[in-house]
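First to last, the protein sequences are chains A and B.
Be aware that the first sequence starts at 514, since it is given in the working numbering, and climbs by one per residue.
Be aware that the second sequence starts at 3, since it is given in the working numbering, and climbs by one per residue.
Just so you know, not all the hints are guaranteed correct.
Quick list of the computed label-pair ranges, beta carbon to beta carbon [unchecked claim]:
#1 A:531 to B:94: 51 to 59 Å
#2 B:84 to A:644: 30 to 38 Å
#3 B:169 to A:644: 34 to 42 Å
#4 A:644 to B:32: 34 to 42 Å
#5 B:285 to A:648: 36 to 44 Å
#6 B:314 to A:716: 22 to 30 Å
#7 A:714 to B:35: 28 to 36 Å
#8 B:98 to A:651: 40 to 48 Å
#9 A:535 to B:284: 47 to 55 Å
#10 A:648 to B:274: 27 to 35 Å
#11 B:84 to A:716: 46 to 54 Å
#12 A:719 to B:141: 31 to 39 Å
#13 B:82 to A:666: 33 to 41 Å
Think about it this way: if two alpha-carbon atoms lie no more than 27 Å apart in a straight line, the pair counts; the simulated DSS-like pairs of lysine-lysine are [to be verified]:
#14 B:135 to A:701
#15 B:99 to B:36
#16 B:86 to B:135
#17 A:701 to B:188
#18 B:127 to A:701
#19 A:699 to B:316
#20 B:99 to A:701
#21 B:268 to A:699
#22 B:86 to B:127
#23 B:316 to A:701
#24 A:699 to B:135
By construction, these hints were calculated from the structure, which means they are not laboratory data.
Predicted model only: the values in this text are computed from it and were never measured.
From the three backbone atoms N, C-alpha and C, an ideal C-beta is built for every residue, glycine too.
Chain residues, written in single-letter form:
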Amino acid sequence: MTETAMAADRDVAVEKGVSQTREAMGRLVRNPAAMFGIVVMVLLFLACFLGPIVFGLDPEASDFDAVSLPPTFANGHWFGTDDLGRDLLTRTLTGGRVSLLLGVTATLVALGIGVIYGAIAGYAGGRIDSLMMRFVDVFYAVPFIFFVILLTFLFGRSLLSLLIAIGAVYWLTIAVIVRGETLSLKRKEFIEAAKAGGMSAPAIIFRHIVPNTVAPVIVYASMTVSDVILGESLLSFLGLGVQEPNTSWGVLIEDGAATMESQWWPLIFPAAFLAATLFALNYIADGLRDAFDPKSR
Amino acid sequence: MLSTPRAAEVRASGTAAPLLEVQGLTVRFRTERKSLQALTDIGFSMAPGEILGIVGESGSGKTQILLTMMGLLAENGRAFGSVKLHGEEVLNLPSDKLDRIRGSRMTMIFQDPMTSLNPYMRVGKQLTEVLVKHRGVGGSEAVRQAAAMLEHVRIPEAQRRMGMYPHEFSGGMRQRAMIAMALLCKPALLLADEPTTALDVTVQAQILMLMRDLARESGTSVVLVTHDLGVVADLCDRVIVLYGGRIMEDGPIDDVFYNPKHPYTKGLLRSMPRLDEKTHGDLPTIPGQPPVLSLLSGGCPFEARCELRQDHCKSVFPPLVRSGPRRLSCHEVSL
């Protein structure tokens, strides 16, 4: 790039004004580990959501000529087949759809509830705050597994009840984080200034407080995605999660673990995908934390 | 003394209906063990366009007066008395009514420009927010007015700066932006809490002069809280000296500065460094420490440090006596 072009670029950046979030994203992109994590996640998403369509394979189609086949390139079952003759590559990828989708949506649900709840509790303060946070404490005290069993009993075993169960657990921590941030933010002068400017409480919460909690929230959210995926795997492993013939990484790992003494491939591939996802997400979370708090590095 | 234009102005406008009338303002804070009285029986009134300085040491209650008027008192605080803006009571109003007055008819500039702007919102957006809310002007008109106001507070390239974030502004620019925000709705009353303390000296002077000019132009009355007597002398028409949450002395700026009556005011003025003084000794100070509010008895709060103290100073608070434009609260001196 020539000198003048660079200068022009800089001018454009100043012209628009760069938000702290955008600056943080710039730092994130320059962080090799985080970029690696992002690339891995993009590839995983593409593979899981487009792969089965591209390969044109049905995850439920059984190939009875190839039951419990080890991985071969010869007949197209790259990851082998399970004991019903279903292609494991396709099942791993479609299982990944459920795991990733659940991870992202449950995190978004948890974020939505947690941020609003925490910001309101923190801003209201006093008795309302105590009441709202005691409610959170009560939820915290309910064991996760027990809660899921209760919900599946109430709503039946579906992806939705799983989503509700996981979302209902993970919003608690986000609410606590956002409340803490809000407590310190509402003492800041710009909040007083907003009040002095005649802003109403809802306007202050949503326009001034919530955007300022973005740094801790985004870091925590990136960790929550991997937590949720792991949680879903645990529930599926226990038979509380996704039901056959639908599948997820947790279900596949459970099936694979059952036969791992005789066959290694049904366990290794989904487990490797899950591990790769968790690694990538943790790299991203680490990178985000550094990006939003460059001084702590 | 009386011939200065500022004093004359005050006299002239003094005949008009008061813009602000504060009576018997008392603020108590409930702490873990007992209740503290931060302000006691504060009363003053302001004419339109007047610039009033409130001076005093740290903890004398200067800032609390402003916060109480704005309804921004801390949760454990209770305010009694009356604050009337245009004859309308604003003290202890419910927040929805207060929200309509705050920002449009009275507004406040805070001490620290570094934390007074939302770091995640473009400056232009923060400016127009107030306009849209209180004046109901449309988006593009609000942007035009806000940019014009930024221009007015002498922020260079105002149009371009509207799209920038606060961290891309210098301290002086942020404080100018704050002033622009405060003046955007043309409030009748502007409360400024040490608006230049966080800035360096050269910028301080510019900002203060700017505030004064803008206030004069738009007829806005200003209450300026500061512990910088030089600032008060330059800027204000009138000054109230606060000590231990009570008014010690009040009067037109020249009267109080050239002819201080209260021993505390005298002490304050003596402890101000002067360029025209030939002596190079230590700067005189007022011996002792500011009072601990919880230990104050019913007497004069300045009693323990006062050179004129008598026995009754400890037990009886001297009434605030008015004489002409001045008021004084001391047993031992009279106006």
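Hint check:
Roughly 43 Å separates the CB atoms of residue 531 (chain A) and residue 94 (chain B), a value that falls outside the hinted 51 to 59 Å. Separated by about 34 Å at the C-beta atoms, residue 84 (chain B) and residue 644 (chain A) satisfy the suggested range of 30 to 38 Å. The beta-carbon spacing between residue 169 (chain B) and residue 644 (chain A), approximately 37 Å, falls within the hinted interval of 34 to 42 Å. Range check, residue 644 (chain A) to residue 32 (chain B): Cβ separation about 21 Å, and the 34 to 42 Å hint is violated.
Checked against the hint of 36 to 44 Å, the pair residue 285 (chain B) and residue 648 (chain A) fails, with Cβ atoms roughly 58 Å apart. Our hint of 22 to 30 Å for residue 314 (chain B) and residue 716 (chain A) is violated, since their Cβ atoms are close to 54 Å apart. Look at residue 714 (chain A) against residue 35 (chain B): about 31 Å separates their beta carbons, and that is inside 28 to 36 Å. Between residue 98 (chain B) and residue 651 (chain A) the C-beta distance comes to about 32 Å, which lies outside the given range of 40 to 48 Å.
Our hint of 47 to 55 Å for residue 535 (chain A) and residue 284 (chain B) holds, since their Cβ atoms are close to 53 Å apart. At roughly 56 Å, the beta carbons of residue 648 (chain A) and residue 274 (chain B) sit outside the given window of 27 to 35 Å. For residue 84 (chain B) and residue 716 (chain A), the hinted distance range of 46 to 54 Å is not satisfied, since their beta carbons lie about 29 Å from each other. Under the hint 31 to 39 Å, the C-beta atoms of residue 719 (chain A) and residue 141 (chain B), about 19 Å apart, miss the expected range.
Look at residue 82 (chain B) against residue 666 (chain A): about 58 Å separates their beta carbons, and that is not inside 33 to 41 Å. About 22 Å separates the Cα atoms of residue 135 (chain B) and residue 701 (chain A), which keeps this hinted pair within 27 Å; it holds. Note on residue 99 (chain B) and residue 36 (chain B): the hinted pairing is violated, with a Cα-Cα distance of about 31 Å set against a maximum of 27 Å. With a C-alpha separation of about 23 Å, the suggested pair residue 86 (chain B) and residue 135 (chain B) falls inside the 27 Å cut-off, and the hint holds.
For the suggested pair residue 701 (chain A) and residue 188 (chain B), the alpha carbons sit about 25 Å apart, so the restraint of at most 27 Å is met. At most 27 Å may separate the alpha-carbon atoms for a hinted pair to count; residue 127 (chain B) and residue 701 (chain A) meet this at roughly 19 Å. Restraint check for residue 699 (chain A) and residue 316 (chain B): the C-alpha separation of about 40 Å exceeds 27 Å, so the hint is violated. Under the criterion of a C-alpha separation no larger than 27 Å, the hint pairing residue 99 (chain B) with residue 701 (chain A) is consistent with the structure, at around 23 Å.
About 40 Å separates the Cα atoms of residue 268 (chain B) and residue 699 (chain A), which puts this hinted pair outside 27 Å; it is violated. Annotation: proposed proximity of residue 86 (chain B) to residue 127 (chain B) is violated, straight-line Cα distance about 32 Å (limit 27 Å). At roughly 39 Å between alpha-carbon atoms, residue 316 (chain B) and residue 701 (chain A) are farther apart than 27 Å, so this suggested pair is violated. Taken as a hint, the residue 699 (chain A) and residue 135 (chain B) pair is honoured in the structure, with Cα atoms around 21 Å apart against an allowance of 27 Å.
Checked against the numbered hints given earlier, the structure breaks hints 1, 4, 5, 6, 8, 10, 11, 12, 13, 15, 19, 21, 22, 23 and satisfies all the rest.
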